[in-house]
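Participant: Read off the chains here:
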Amino acid sequence: MRDRYLALPVEEIAGDPAVRKMGARMFGNNCAQCHGSDAKGSYGFPNLTDDDWIYGGDADTIKATLVNGRQAAMPAWGSILGDQGVLETTAYVMSLNGRAADAELVAAGETHYKTYCAACHGADGSGNHALGSPNLKNGIWLYGGNESQIAHSIRAGRNGVMPAFSETLSEDKIHILTAYVYGLSE
Amino acid sequence: MADPNLIDVQEIAPAEVGELDANQHREKIYTRKIEGFFQRVRLYTGWPLLLGYLLLPWLNWDGRQAVLFDLPERKFHILGLTFWPQDFPLLAFMLIIAAFALFTVTVFAGRIWCGYTCPQTVWTSIFMWWEQKTEGSRNQRIKRDNGAWNLDKVWRKSLKHAGWLFVAFVTGMTFVGYFYPIKSLSLELATLSTGLQQFAWTVFFTCATYINAGWLREKVCTHICPYARFQSVMFDQDTLIVSYDPARGETRGSRKRGADPQSLGLGDCIDCELCVQVCPTGIDIRNGLQYECIGCALCIDACDSVMKKMDYQPGLIRYTSEHQLQGGNTYWIRPRLIGYLLVLTMMSGLFVYQLFSRVPLELTVVRDRGQLYVTTDSGAIENIYTLHLVNMDKHPHEFVIRISGVENATLVGSDNYTLSGGEVREISLRVRARPEVLTVPSSKLVFEATASAQPSLSVRSETRFLKPVN
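Chains C and Z are the protein sequences, given in the same order.
Here the first sequence stands for residues 574 to 759, where the numbers follow this note's numbering.
Here the second sequence stands for residues 313 to 782, where the numbers follow this note's numbering.
One thing to keep in mind: the hints can contain errors.
To be verified - In the DSS-like style, the derived pairs of lysine-lysine whose C-alpha atoms are separated by at most 30 Å in a straight line are:
#1 Lys594/C to Lys340/Z
#2 Lys465/Z to Lys531/Z
#3 Lys594/C to Lys706/Z
#4 Lys621/Z to Lys340/Z
#5 Lys345/Z to Lys531/Z
#6 Lys568/Z to Lys469/Z
What the hints assert, rightly or not - Away from chain C, derived, C-beta distances all over 12 Å, residues of chain Z:
#7 Leu402
#8 Asn524
#9 Gly570
#10 Ser690
#11 Leu741
#12 Ser764
Don't read these hints as lab results, they were simulated from the structure.
Note that beta-carbon positions come from the ideal geometry of N, C-alpha and C, so glycine has one too.
For reference, chain C alone in the conformation it holds in the complex (with noise of 0.2 Å):
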């Protein structure tokens, strides 16, 4: 029953109540246990009902991750910043999503930020699907989002995995799986 799905594209059958429902059983089993069973996640467990995608939202980028699972790579940049180097560029990201921030630091801070996280955030904080590095302006924080925690994320940096589902699932279950969660952000 499942190989009919197969055959139909992700946007297609995102819908159907049937896949829903298997979708939801086997989100159930095999994600629910990191992301919730409402798939809302958690610390450090990406929200996957929201419109905000780490590596994108569209229907292939779902499937790769699922397939090959995703290994992200925030160095950790305390050593080569300082302690102050740190809260400068902790101050600059608090700004960035319009928080209150002392303007020294954030000047400072727009320096450090220009050399070391333009490259993966881009210049504008927004993020970068392709490499997998957050928007740092929409107020949404995978490991947190106060003042501490954008600290500690800097200084120590983040290496969140998500498996790959290859091995474990087939290939129709993907597909399946793939419609459910293009689904939830629907």
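Following the hints, complete the assembly by docking chain Z onto the known chain C.
Facilitator: Below, chain Z without anything else, positioned relative to chain C:
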């Protein structure tokens, strides 16, 4: 001189022990056809039950089969009611009530169930009737069975078995029709396009009916049916039993019609053996109460017809009690009967109460096992739950989910769900609370689902809300 310390040796002859025949190889029973009052009663009890069984699956109710035990869907429709596996205790209740009804009737009137209503008896009667139609009377059948095979014998036997198989098939198909929509089943069977399951079960019940009513007959009652054996504990001396009156009948013996039995030293029994010939279990009722007797009263009708011909009083074989046979009176009202009646009434009352007080709604809450809790950016604590909401009503309802038990806790996600009749919905929800207001790491949280248009349709389910220890 014999030694006083020794006991004399005595020769003891072993007592005569009859040979025990474990398989009870008995002669085939050829029943004689008989008509009479009790056979008419049997007709009036048997037909409505039979017709009810055969026609019930064809009735419709609310656009579905009126009685359908839908196993794949796990929904059991009986007229206007739909039962779910959750209602299983009701079935247990019903069976207990049925058992006590059986006990009550048995204490009062003996094996009424066996003789008048039991499917084994009803179907055996149908098969015997058809046997009479095709193979003729008792004597004709005995003669033909002992005779050589010829075209007439083959033809009559074939017709008999064909008729039996037809009745068995209708029975089997009807039975399967209680579990699989009978209209599609009959069509599928007619066009030979039925699924393997339906086909196999129809064949099974056809064969079972054919073997039971055609071949096994009284052996089911005497060897298989447990009720036949344990009913004796329910009998007392005031229970109605089919019995021969030996005081009146003995000494039995044949005589000329119109002869005065008293001058011949005879009782009323003319020893015609009609009571034996009509008996479906092949016993002689004149030997007293026997476990084989299913209380069908065929022998009463047979004996009464003879008594009438002889111009004697009817009732030499009759419904009576042991007390009456011993010359006393039957005590109709007795503690055992009242006890059974009382329990029966209580159970029935409880059943009706249970039936009409059940809330056709179920809510089960399962906490997510992956994480104990989720800390949000704002420092709030969230727990994730999966709600299993089952609308067992046949109408659609809009349900509102409320939570209580945790101070200032709020639901993240919709609290409003519309479920169609009979729908099972899984709902993932988060509950958010501030950790500061919670004094213990684990607090009781209650989910409540209520139909917005019908507040009585409401169920609660308890779970835990966890927060970090410090």
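Participant: Would you assess whether Leu741/Z, listed as outside the interface, keeps its beta-carbon beyond 12 Å of every beta-carbon in chain C?
Facilitator: violated, 7 Å
Participant: Holds or violated: Lys594/C and Lys706/Z, Cα atoms, limit 30 Å.
Facilitator: holds, 22 Å
Participant: Taking 30 Å as the top limit, are the C-alpha atoms of Lys345/Z and Lys531/Z close enough?
Facilitator: With Cα atoms ~20 Å apart, Lys345/Z and Lys531/Z stay inside 30 Å; holds.
Participant: Within a Cα-Cα threshold of 30 Å, do Lys621/Z and Lys340/Z meet the stated pairing?
Facilitator: holds, 29 Å
Participant: Against chain C, does Gly570/Z hold up as non-interface, every C-beta pair farther apart than 12 Å?
Facilitator: Gly570/Z clear of chain C: closest Cβ-Cβ about 85 Å, beyond 12 Å.
Participant: Take the C-alpha atoms of Lys594/C and Lys340/Z, compute the straight-line distance between them, and say whether it is at most 30 Å.
Facilitator: violated, 61 Å
Participant: Run the distance test for Lys568/Z versus Lys469/Z: straight-line Cα separation, threshold 30 Å.
Facilitator: violated, 39 Å
Participant: Determine whether the non-interface label on Asn524/Z survives the test: each CB of chain C must be over 12 Å from its CB.
Facilitator: Since the minimum Cβ distance to chain C is about 41 Å, Asn524/Z lies beyond 12 Å and the statement holds.
Participant: Is Ser764/Z truly not at the interface, in the sense that its beta carbon sits beyond 12 Å from all beta carbons of chain C?
Facilitator: At about 23 Å from chain C, Ser764/Z clears the 12 Å cut-off, so the statement holds.
Participant: Would you mind confirming whether the straight-line C-alpha gap from Lys465/Z to Lys531/Z stays at or under 30 Å?
Facilitator: This hinted pair holds, its Cα atoms lying about 25 Å apart.
Participant: Would the non-interface assignment of Ser690/Z survive a Cβ cutoff of 12 Å against chain C?
Facilitator: violated, 9 Å
Participant: With 12 Å as the threshold, tell me whether Leu402/Z passes as away from chain C on beta-carbon distances.
Facilitator: holds, 29 Å
In the structure shown, a violation is registered for the earlier hints numbered 1, 6, 10 and 11, in ascending order.
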